[in-house]
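Enquirer: The residues making up each chain are set out below.
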Amino acid sequence: MPREQGMSLPVLSAIVTFHGEGILAHTSLRSYALSRNIARGEGIEVQLVLVLDRADEQTRAFVLNHPDLDGSETVVETQVGDLALARNAGVAACRGKYICTLDGDDLISTGYFLKHLKEAGQLEGRFILHPEMVLSFGMYSAYNWQVDQAGGYYDERALLAVNPWISASFSTRELYEAIPYVACYPKQTGFGYEDWYWNSETIARGVMHRLAWGTAYFYRRKWYGSLNEASHTMKTVIPRTSLFALGRRSDKGQGHA
Amino acid sequence: MLERWTHNRWVRNRYTRRLANWARRAYRLLFGPDPVAPQAAAPAQDGVPPMPLWLQEEMLKLAAMEPELLPPGTDLNRYAFYTVPMDVRPGDLYSALSDQIGAQAYTHALLVPWLKTGGADRGILYHARAIAEADPAARILVLATEDSPSPWASRLPSQATLVEFGRLAATLEFNLQVAVMVRVLVQLRAPVIHIINSRVGWEVVQRHGLALKQHSRLLASIYCDDYDERMNPVGYARDYLRYCYPYLATVICDNSRYPQIWSRELGVPASLFTVIPFPYDGLIPTLPITPISAPDAGRVLWAGRLDRQKRPDLLAAIAAAMPSVHFDVYGAPVMSGVAAQGLDLLRSLQNVTLHGEFKRLEEVVTSQHFAYLHTTAWEGTPTILFDVAAARLPICAPAVGGIVDFLPESDLVPNPEDIAGFVRELEALRDSAQARQQRVERQRESLDRQRQWPAFSARLRQLDDYVGLERVIQPATEVSKA
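These protein sequence lines map, in sequence, to chains A and B.
Under our numbering, the first residue of the first sequence carries the number 1, and numbering increases by one thereafter.
Under our numbering, the first residue of the second sequence carries the number 1001, and numbering increases by one thereafter.
So that you can see chain A by itself, here it is in the shape it has in the complex (with noise of 0.2 Å):
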């Protein structure tokens, strides 16, 4: 059952999952929470909802014992051992009109909520942002822009054999309550890659992925236990997706219907 103490009304709820990151945690919560106050500092509130699934004892206590939790947070605690639903357990307890999904062991740029919100507040139609840049640390370095889907680069054919954006995203509440996020099981079913799946099955809806410019997730390549590496070393594929229907045409598939 989610837990929380503070009452005002968020406009960006930002869900982080937690599972087994450790004391990598508490630097994640710290720049989460510093994004947190910038965009407090222009008035916008943001309701950080913190989902523990499964998570270790270390984990967990390292989550709620959080110098720069204030009480306004919203803790989830669930059993489902599932990315994809735990996010979705986030998604249930969110206020916010927004919604984004950070993982427990990231960092964010500072203006990253912000200006998420602005670029938000720029888009017509059904839309999905993802961070302009991703900055890649630990176990190898490296910087990359992300892929807008209205750009010249996209093409949609690509996405057989490559998940452009990382799992990181935002949009609005009523998309990820419309489109929610499909448990794989890796391990029980050779399925993985949830959020490939999902923004496969975004596009394929007529939603399109754009970027929330001068923003950057700073990336946390772990040397070991990522989710993601389990999902590569069990050479898991997505599961079925109606972009990917037999019969379909398929094009560079900008401004899908």
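Keep in mind that the hints were calculated from the coordinates and are not lab data.
One should not assume that every hint holds.
[Stated by the list, open to error] The list that follows gives simulated cross-link-like pairs (lysine-lysine, DSBU-like), each with its CA atoms no further than 30 Å apart: (1) A:118 - A:97; (2) B:1359 - A:187; (3) B:1061 - A:235.
[To be verified] These stretches of chain B come out as covered by chain A in the derived footprint (C-beta under 8 Å, 3 or more residues): (4) 1075-1087; (5) 1098-1112; (6) 1180-1188; (7) 1220-1230; (8) 1316-1327; (9) 1356-1370.
[Unchecked claim] A short, non-exhaustive set of chain A residues, derived as facing chain B with CB atoms under 8 Å: (10) 107; (11) 127; (12) 216.
Backbone N, C-alpha and C define an ideal beta-carbon position, used for all residues, glycine too.
Following the hints, position chain B against chain A.
Expert: Chain B alone, transformed into the frame defined by chain A:
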């Protein structure tokens, strides 16, 4: 200002980023460094855009919080530029396949290398026919995964659609072919996926068998091993069975010998295998039966592929040991190395005529032949022996592979290398009309008892959920959850 603009929303792909770098360099040459930027970004090198200044600034702020961002002794140069690859080739192939496969549901997906002259190809046709006969509503998708024509596609039943995956995918790396194939199969959700001698098919099962078995029954057919130059066993069984068997409902084999070998040598459970002998698709002679051989027949017929497996060197040695007997040899040479030397020896023998390729065995059998000689190093079940039996010609063959399922061991040469044994057997057939009569009677009886179409079809129906699927199949286009 320029720094922010050229690193912002306009910079959406590698080309515009490159343009932006040129613009920045030109600006700096004309007007000096951007006064707003706290420090100039490094110029682009080899088209690689530098990290934007705003990101550098963010990194410096967060580095105080996260020690791994800029460990001591390192700087921003530790970060390499990366581009999300947008390779559209797999997607293009998938689109082409999607057009040909269409939106209709299929009950069966058969993954085969091709459909052309050959024993295994006959087997593919048998399976397709049995599926179609058992259920007129069955829809069969045959995916030919090698880059080679399939002239036998016209022999498939009307419920089958052949898609030449291998020809469409010819320019794509093998790993990407596998990625496209698994997407096809995941989207298709055919209740049955059957792999018959398709390497792409086997690789898909090895990598993604767990995912595929969630919605499909996975089966494979393997008939025998091949052997390399050192006579070590090689082939799909050796490459894949150990890793794929947990995903397979069963492995169909046309003979009883190889399942024993694979179970003993590889450790895969014997219960994995289902022995289903291939049927004979011609007319079985009626009783009473008499050999085709004339009383004075003095020639031996050999027909097959002149390759290493069929041991032309052994054939040459047998012919050399029987100079009074003439050998009519049919078949195209497909050889190199030691086997080619056997062919040279055959050419040098006065009592051997190399006739070249043949199309149908019935066209080359004559009453002047007293026996059909089959030399081989390894076998599944050579279906040509069915044709020989139906042609009423006595067979002289070794006790190898699935031959022992078809003919009594007492009629076979125990050791496939035993030249003297073959010679003795051939001489016995040449010299005794009674021996020829009894041999063709037993051959016919074996055809009649083991190789009738209804028996084959019945065995397939005994497999769980292989033919006559009663479940309602889902349309391939249905949107569904994992």
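Enquirer: A separate judgement is required for each hint: does it hold in the structure or not?
Expert: Now the hints, each set against the structure:
Proximity of residue 118 of chain A to residue 97 of chain A is assessed by CA-CA distance (about 13 Å); at most 30 Å being required, the pair is judged to hold. At roughly 51 Å between alpha-carbon atoms, residue 1359 of chain B and residue 187 of chain A are farther apart than 30 Å, so this suggested pair is violated. With a C-alpha separation of about 37 Å, the suggested pairing of residue 1061 of chain B with residue 235 of chain A is violated against the 30 Å cut-off. Against chain A, the region 1075-1087 of chain B contributes 10 residues with a C-beta closer than 8 Å to a partner C-beta. That satisfies the three-residue criterion, and the hint holds.
Requiring three or more residues with a Cβ within less than 8 Å of a Cβ of chain A, the coverage given for the region 1098-1112 of chain B holds, as 6 such residues are present. For a cut-off of 8 Å, the count of residues in the region 1180-1188 of chain B with a CB near a CB of chain A stands at 7, and the three-residue condition holds. Three residues within the 8 Å Cβ limit are the bar, and the region 1220-1230 of chain B against chain A gives 0, so the coverage statement is violated. Check result for the region 1316-1327 of chain B against chain A: violated, 0 residues qualifying (beta carbon to beta carbon below 8 Å, three or more required).
A count of 0 residues in the region 1356-1370 of chain B with a Cβ less than 8 Å from any Cβ of chain A is obtained; the coverage claim is therefore unmet, three being the minimum. The beta carbon of residue 107 of chain A is positioned within 8 Å of a beta carbon in chain B (closest approach about 5 Å), and the interface hint is therefore held. Contact between residue 127 of chain A and chain B, as hinted, is not supported at the beta carbon level, the nearest pair being about 14 Å apart and thus beyond 8 Å. The interface hint given for residue 216 of chain A holds, since its Cβ lies 5 Å from the closest Cβ of chain B, which is under the 8 Å cut-off.
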